[in-house]
Amino acid sequence: MATAPAPARSPARARLASLLQGQGALVALALLVLFGALRYDNFLSAYNVTSFLANNAKFGLIALGMTFVIMTGGIDLSVGAVAALASVVAAMVSEAGLVAGIAVPVLVGVVIGLVNGVLVAWGRLQPFIVTLAMLLAARGLALTVAGNQSVAVDFESGFTALGTTTLLTLAAPIWIFAVAYLLGVLVLGRTPFSRHVLAIGDNEETARLMGLRVERVKLLVYALSGALAGMAGVLLAAQYGAGQPAEGVGWELTAIAAVVVGGTLLTGGLGSVAGTLWGVLLLGLIFNVLNFENGRGVISLSPYWQSIVLGAFLLVVVLLQNRLAARPT
Amino acid sequence: MTATGPLLHMEGISKVFPGVRALEEASLAVGRGQVHAVMGQNGAGKSTLIKILTGAYRRDAGTVTLDGQPVDFHSPQQAQAGGVSTIYQEVNLVAFRSVAENIFLGREPRRLGLIDRRRMHAEARELLERLGVHVDVARPLGALNVALQQMVAIARAISFESKLVVMDEPTSSLDEAEVATLFDVIRQLKAAGVSVIFVSHRLDEVYGICDRVTIMRDGRTVDDRALADVSRLELVARMLGKELAEVRRSGATGFTDATHHAEQRLLEARGLRGAGRRLEHADVQIRAGEIVGLAGLLGSGRTELARAIFGADPVEAGELEVDGRPVRFGSPADAIKAGIGLAPEDRKSEGIVPEMSLRENLTLALLPAISRYGIVDRRRQQEVVDRFIERLDIKTTGPDQKIRELSGGNQQKVLLARWLCLDPRLLLLDEPTRGIDVGAKGEIQALINELADSGLGVLMISSELEELIEGSDRVVVLRDGRTVAELPHEAVSEDAIMEAMAEGPAGDGEEQGGDGQG
Amino acid sequence: MARAEGTAGVGQLRGARLWPGDLHDLGQTYGAAAALLLLILYNAVFTDRFLTTDSVYVNLTQVAPIVIVAMGMTLVIATGGIDLSVGSLMAIAGALAPLIFQQDLPFAVALAFVLPVLATGGFGLFNGVLVTRFGFQPIIATLVLFIAGRGIAQVVTNGELQPFRNPAFQYIGLGRVLGVPFQVLLMLAVFAVVAWAVRTTRFGRQVLAIGGNEAAARLAGVPVNRVKLAVYGISGLLAGIAGLIVIAINSSSDANQVGLNVELAAIAAVAVGGTPLTGGRATVVGTLIGALILQLLRFTLLSHGVPDAVALVVQAVIIVAAVFLQRQRQT
Numbered sequence: 001m002a003t004a005p006a007p008a009r010s011p012a013r014a015r016l017a018s019l020l021q022g023q024g025a026l027v028a029l030a031l032l033v034l035f036g037a038l039r040y041d042n043f044l045s046a047y048n049v050t051s052f053l054a055n056n057a058k059f060g061l062i063a064l065g066m067t068f069v070i071m072t073g074g075i076d077l078s079v080g081a082v083a084a085l086a087s088v089v090a091a092m093v094s095e096a097g098l099v100a101g102i103a104v105p106v107l108v109g110v111v112i113g114l115v116n117g118v119l120v121a122w123g124r125l126q127p128f129i130v131t132l133a134m135l136l137a138a139r140g141l142a143l144t145v146a147g148n149q150s151v152a153v154d155f156e157s158g159f160t161a162l163g164t165t166t167l168l169t170l171a172a173p174i175w176i177f178a179v180a181y182l183l184g185v186l187v188l189g190r191t192p193f194s195r196h197v198l199a200i201g202d203n204e205e206t207a208r209l210m211g212l213r214v215e216r217v218k219l220l221v222y223a224l225s226g227a228l229a230g231m232a233g234v235l236l237a238a239q240y241g242a243g244q245p246a247e248g249v250g251w252e253l254t255a256i257a258a259v260v261v262g263g264t265l266l267t268g269g270l271g272s273v274a275g276t277l278w279g280v281l282l283l284g285l286i287f288n289v290l291n292f293e294n295g296r297g298v299i300s301l302s303p304y305w306q307s308i309v310l311g312a313f314l315l316v317v318v319l320l321q322n323r324l325a326a327r328p329t
Numbered sequence: 001m002t003a004t005g006p007l008l009h010m011e012g013i014s015k016v017f018p019g020v021r022a023l024e025e026a027s028l029a030v031g032r033g034q035v036h037a038v039m040g041q042n043g044a045g046k047s048t049l050i051k052i053l054t055g056a057y058r059r060d061a062g063t064v065t066l067d068g069q070p071v072d073f074h075s076p077q078q079a080q081a082g083g084v085s086t087i088y089q090e091v092n093l094v095a096f097r098s099v100a101e102n103i104f105l106g107r108e109p110r111r112l113g114l115i116d117r118r119r120m121h122a123e124a125r126e127l128l129e130r131l132g133v134h135v136d137v138a139r140p141l142g143a144l145n146v147a148l149q150q151m152v153a154i155a156r157a158i159s160f161e162s163k164l165v166v167m168d169e170p171t172s173s174l175d176e177a178e179v180a181t182l183f184d185v186i187r188q189l190k191a192a193g194v195s196v197i198f199v200s201h202r203l204d205e206v207y208g209i210c211d212r213v214t215i216m217r218d219g220r221t222v223d224d225r226a227l228a229d230v231s232r233l234e235l236v237a238r239m240l241g242k243e244l245a246e247v248r249r250s251g252a253t254g255f256t257d258a259t260h261h262a263e264q265r266l267l268e269a270r271g272l273r274g275a276g277r278r279l280e281h282a283d284v285q286i287r288a289g290e291i292v293g294l295a296g297l298l299g300s301g302r303t304e305l306a307r308a309i310f311g312a313d314p315v316e317a318g319e320l321e322v323d324g325r326p327v328r329f330g331s332p333a334d335a336i337k338a339g340i341g342l343a344p345e346d347r348k349s350e351g352i353v354p355e356m357s358l359r360e361n362l363t364l365a366l367l368p369a370i371s372r373y374g375i376v377d378r379r380r381q382q383e384v385v386d387r388f389i390e391r392l393d394i395k396t397t398g399p400d401q402k403i404r405e406l407s408g409g410n411q412q413k414v415l416l417a418r419w420l421c422l423d424p425r426l427l428l429l430d431e432p433t434r435g436i437d438v439g440a441k442g443e444i445q446a447l448i449n450e451l452a453d454s455g456l457g458v459l460m461i462s463s464e465l466e467e468l469i470e471g472s473d474r475v476v477v478l479r480d481g482r483t484v485a486e487l488p489h490e491a492v493s494e495d496a497i498m499e500a501m502a503e504g505p506a507g508d509g510e511e512q513g514g515d516g517q518g
Numbered sequence: 001m002a003r004a005e006g007t008a009g010v011g012q013l014r015g016a017r018l019w020p021g022d023l024h025d026l027g028q029t030y031g032a033a034a035a036l037l038l039l040i041l042y043n044a045v046f047t048d049r050f051l052t053t054d055s056v057y058v059n060l061t062q063v064a065p066i067v068i069v070a071m072g073m074t075l076v077i078a079t080g081g082i083d084l085s086v087g088s089l090m091a092i093a094g095a096l097a098p099l100i101f102q103q104d105l106p107f108a109v110a111l112a113f114v115l116p117v118l119a120t121g122g123f124g125l126f127n128g129v130l131v132t133r134f135g136f137q138p139i140i141a142t143l144v145l146f147i148a149g150r151g152i153a154q155v156v157t158n159g160e161l162q163p164f165r166n167p168a169f170q171y172i173g174l175g176r177v178l179g180v181p182f183q184v185l186l187m188l189a190v191f192a193v194v195a196w197a198v199r200t201t202r203f204g205r206q207v208l209a210i211g212g213n214e215a216a217a218r219l220a221g222v223p224v225n226r227v228k229l230a231v232y233g234i235s236g237l238l239a240g241i242a243g244l245i246v247i248a249i250n251s252s253s254d255a256n257q258v259g260l261n262v263e264l265a266a267i268a269a270v271a272v273g274g275t276p277l278t279g280g281r282a283t284v285v286g287t288l289i290g291a292l293i294l295q296l297l298r299f300t301l302l303s304h305g306v307p308d309a310v311a312l313v314v315q316a317v318i319i320v321a322a323v324f325l326q327r328q329r330q331t
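Protein chains in written order, with this note's numbering: chain A, 1 to 329; chain B, 1 to 518; chain C, 1 to 331.
No wet-lab data here; the hints were simulated from the structure.
C-beta: ideal position from N, C-alpha, C; glycine also.
Among the hints, erroneous ones may be present.
Taking beta-carbon pairs under 7 Å as the criterion, some of the chain A residues facing chain B (in silico) [claimed, not checked]: (1) Pro11; (2) Arg15; (3) Arg190; (4) Thr191; (5) Pro192; (6) Arg195; (7) Ala199; (8) Thr206; (9) Leu209; (10) Met210; (11) Leu212; (12) Ala246; (13) Gly250; (14) Thr267.
Sequences are here, hints too, so could you generate the full structure?
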């Protein structure tokens, strides 16, 4: 067929839409912060801000990995379960110290990611079903290894320092969160690897014809996703003082929501790490705001309303995104 | 190391796909610093041979020797690394990435491990300037029009230090000036000792730039000669497998030269503009019993016009009348009800439902008519299918064979039957003989002729000039989404069409250059 | 032409005759059928009292809601989509029903069947509208209700367990017809209808055409949007029915638990059964077999003392193996 690569919508428009979406998430975030600051006391307090960031660090890491996977046109449904598994492993290894407590779970995450990657890239199986199966397997492994209960961390070995150490009054998880995203933005903006990731998501066949090593790149993004999920599990264990085999349920779906809200195309080819960051913060902030609102005592929203609000929010955001993309520039 | 012997020697190449023998002991020999044409009808095997050379397919048998060494490319990347660069007919670049990124994808200039964007942009700009192209290399590729995208693809191909550059129909989207630029580039390559394989069915161009020609037919190599030694007519005859005298007499296609007796006006489109920028202001009329050819360069809006008429794409402006009454088709279903059918350009992506059988594909549009209370009447379905298999001589193991196993020609017949079984009044055919072997091609052309004879109106989009010339009663030419010429039967000739496609009507004053969209 | 008649076995659809093309599809499911047979044989030999009617009914009862949901999921997946909301929709149906039959209304029980199912059907249409009119990708569209739907159920019940006793209503979960649990018959009925529809109705063929090549289907005049709306609506409807069965069996409605992970189970059943997630082909028989395989697998492992957690891992391996084998057979 003698036609040029014409994606579903013109790339200039899609780029603009993606940009607006990412920036749109930033704008929405800013507005929400403003709203909270004006309406609630202590919203911008050091305590609230730092604990908010520290708690959302794990979701942030997972969403970062998810961004790269989605940019290749894939998906990773296993990350929540991998984080749970990693938290259990971290707890069990924690007595060997902080370094081991980080390295081993992350390694476990990498290995799982590699398995996903091999099945997707060389096995040519659909990412959805592969990572769905891995979700079950990781969950099963986590529960088995942990004996169906949470596993306490070793409090003597210095592992919990990860949750408590502060540098310039910011806890370690916040630094990890920040550094990860800084690296992510750098990688996405400036490395050949990121160009290849995006080209593959854009049109895999063409990328192959242009000589890219599609399989290798895919393997790497799934391994990266696994590694970040592993790290998220480490934070989970450090912050809660125990490895939780039953945690992480639904984390992958909120990560996907954050990625989509942030402007990355679900079909791949265009993405924004910064956008994902705003998406993560935005989604997390909704819960934060709801808590404050409950605290005021005027309305009392049961926690169940949170999911409704979150769902509605996702709905509105994607609706707006699609509207934006449809309007001619 | 002395350079003797041909640069490239492919010998005894065979390749079989399920249900079809694509290549049978084909061969190709390209000399050093030579521009070598490969010609043949669609389905002759040129594409397959090229894809084997460039690593996209694996050969079943035969040898490939490049620069004295036997090679076996498993992937396009290997071919590239081995010194073979390719420019494909479909612009094989990625739309969201920028022009510069596309040119350097896979070998980005780096500094400290990170992309050296400034250098990449500078080098990209320089490469494109050599081709007379001035664009903002930071823009996404997909924002450019098709011709410019093709130039970017060319820039990429020649920026590798290759021994051999393969060009597969590289001029299908280029205007005269761009073709001239490409030829300059080819001469530069030649002077530098690089060989070029030029796959094309444009005789003028082949004679304009190539030294030798290899002719393929039905999966075999039937000739390998210097172009100086073979006349155009003879070349065409060899491609078709006909005797020279016969070609002279009855033409190169399955169409006869007789015009049709056109009657009442079936459809009139005025000033159609479609969503997106490819269709700007197009007019066309089609009468019952006539074949209107629609010509234009790649990206000129032909397909978009057909789709807009059919209701497959929204119409932003303009009028459409059927039988003199204004209509607005909101979807293909509406157009179908009005007795119109559209056979799309790309069978694979828009025509066949690959997992379904021939029977189901053929009757897909007929389902509402052969269903009672929502249940498909199998007997009626079978009857229709049997009738059309016979009438169109569709070669298949049975109506339940999966359509993807059929050859291109037979698939196209099934797709045509999809419309014919609805008894339409107007058929919009987008490249009806593309990717089809010679035999089936002639059959389909003859069928289209027959249909027009029996009173159907036909709009035929084609990029094969002989098809347009021999088949159409009139030819409408599009350029940049506008109707620029309408040639009555007497005025239809290769020169007239090409001139209209490339330059538009005299005194148009429109400069082609820069990129399309804002 | 289709007459209600006994249970459907492999390759045998109620009343519908086999056409040559169907044999190919059957070939796909032979592998799965063989696997199921092996599982049955293994259990027959090594598990105590497996072949008793009690044990068979227990298994079928457990799998019935999943099969019903998976039937709808098969249709959605056949169009190239996916429905993540089914579990949440089950919870919604389960939350609404007790509220209705506990009222003092005429026909309260009948309404308690109809209204929740209509509601979930409506939610299904909502999914469909997002996909067809607003250009949402199916995964995102149904993600909305996946997140919000359970919340809706929880808000309606305030997250509290609602125990009840209503024999008329609970017939759907506890009743028996000639000894066979009612929901098993319901499951088989749904299976038969969906299988028949896919094979012989215009709607069914259009579903497959859309999944096989949506652009081609549209150009051929298939009412793509209407058909897609319908499949999502049907998926919602069936999820509602499944939700009612579950609460009827448990004699209580727990919005936190009903339908949990059912979407995963349904998708897994579809995949193992041989329907590709990309759409265009659907083997309804395969989905039934896939669901039975996964159910029996769990049962086998549990009966032999394998912890549930390990069973999860085994399930994962089976799913990957099944999908891998299908790919091999394709190429």
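Status of each hint after checking the structure:
no., hint, verdict
1, Pro11, "holds, 3 Å"
2, Arg15, "holds, 6 Å"
3, Arg190, "holds, 4 Å"
4, Thr191, "holds, 6 Å"
5, Pro192, "holds, 4 Å"
6, Arg195, "holds, 6 Å"
7, Ala199, "holds, 5 Å"
8, Thr206, "holds, 5 Å"
9, Leu209, "holds, 5 Å"
10, Met210, "holds, 5 Å"
11, Leu212, "holds, 5 Å"
12, Ala246, "violated, 40 Å"
13, Gly250, "violated, 30 Å"
14, Thr267, "violated, 11 Å"
When the structure is compared with the earlier hints, violations turn up for hints 12, 13 and 14 and for no others.
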